[in-house]
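Engineer: Could you build the full structure based on these sequences and the hints that come with them?
Chains as they are written, first to last, in this note's numbering: chain P, 1 to 106; chain C, 1001 to 1261.
Be a bit skeptical, because a hint or two may be false.
Chain C regions said to be covered by chain P (calculated; three or more residues, Cβ under 8 Å) [stated by the list, open to error]:
no.	stretch
1	1105-1119
2	1132-1142
3	1177-1188
4	1196-1203
Per the computed footprint, the stretches of chain C lying under chain P, defined by three or more beta-carbons under 8 Å from a beta-carbon of chain P, are [claimed, not checked]:
no.	stretch
5	1069-1082
6	1145-1152
7	1231-1238
Honestly, the hints are just simulated from the structure, not real lab data. Positions of the beta carbon are idealized from the N, C-alpha and C atoms, including for glycine.
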Amino acid sequence: MTLSSMLIGVAIMFAVTYSTRTLGLLLIRKPIRNRFIRSFLYYLPYSVLAVMVFPSMLFASVSLWAGIAGSLVALVLAFFRRGLLIVSLASIATVFFVEILLLFLC
Amino acid sequence: MRFSRGFKDGLPIALGYLPVSFAYAMRSISLGFPAWFPILVSATNFSGMGQVAGTNLIAQDATLGLLFATMLIINIRYMLMSISVSQHLAPRFPPWQRAIVAFGLTDENYALAMRRPQKLTFAYFLGLMSCSFSGWLGGTVLGVGLNAVLAQVLVGETGTQIYTIVTSAFGISLYAMFVAIIVPPARDDRPTLLLVLLTIAASCLFYFIPPLHRLPAGVDIIVCSVVCTAVVSLLFPHESAAEDEQKEEKSAQTDRREEKQ
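Structural biologist: Set out below in structure tokens:
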């Protein structure tokens, strides 16, 4: 890594991320009437987030058990409609304690 | 829909972003980047998955072509979100305002804004995005600072192990936040639940079948989400025209109520 490779890298990351976010907003100015496309756009975010979360979330921690415990805690709290922050903090704490526990047991 | 409404909606996102951007900053430093690097990336990109993937590639001295392609595949979902948001904007939304809104179009901002029944105004977006962006950037700066402190405090073998555990624990926060966004609607709406389960099944195929797993990160996101969403949209079309009119009426009422408060 050199200074220039870092700066060029950031420039590419910015250019790509920003263009994907602007294109739809700038090009599509009229309401879409098609029922299928409307449904598609309504459902899409849930599907995108679901692909990103499972199963990667289980393997995101150092140990698999901590990942499973953290995921379960997040699922249960989200099911009972806790907010973003509570779910996220509880899941961090779970992973932390399970991994500390494993560290001292093994 | 005023600035303050958006700002309030942005608060849980901003707080939820703190651990995620913490994790990103700590990870970048442990990869050998100088302190300004994660801060610059957070300030210009404002995206979780994309930043992590791009930063890893730069650390590995990957070619610029690979960096470009990976960023495009991981972020291509934003193109669909951007089209989706274009359908919910209040009238008289000039291009320069659209260009500003586009910068803050993260998964979380998008998901929260789309839950509002009203047409979305520029002031609302400014409130929502300035709030969540402060959380994102602030978390990155704090993460850089915390990393320096932890590196001083946690020395020796046990220290290094605990440091790894702390980074690992923060790393789950991005996923946990996504869980908090998808579970409640899936609980209330059968087609959404079906969609989520179908998507997870498809995602597992991509994860556990070796030739599919070797595909570049991001291919699975776009393939699984487009196919599963198309199937569910065909089986259970969501918004009929009638519902839409009701929605607009409801939105007008909600606006009036909020004006009174």
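Engineer: If a hint holds in the structure, say so; if it does not, say that too.
Structural biologist: Hint check:
Coverage of the stretch 1105-1119 of chain C by chain P holds. Counting CB-CB distances below 8 Å, 6 residues qualify, and the rule asks for three or more. Figure legend: the stretch 1132-1142 of chain C, annotated as covered by chain P; annotation inconsistent (0 residues with Cβ-Cβ distances under 8 Å, at least 3 required). Residues of the stretch 1177-1188 of chain C lying with their CB closer than 8 Å to a CB of chain P number 11, which satisfies the three-residue condition for coverage. With 5 residues having a Cβ less than 8 Å from any Cβ of chain P, the stretch 1196-1203 of chain C passes the three-residue criterion, so the hint holds.
With a cut-off of 8 Å between beta carbons, the stretch 1069-1082 of chain C has 10 residues touching chain P; three or more are needed, and the interface restraint holds. By the rule of at least three residues with a Cβ nearer than 8 Å to a Cβ of chain P, the coverage given for the stretch 1145-1152 of chain C is violated, with 0 such residues. With a threshold of 8 Å between beta carbons, the proposed coverage of the stretch 1231-1238 of chain C by chain P holds, since 6 of its residues qualify and at least three are required.
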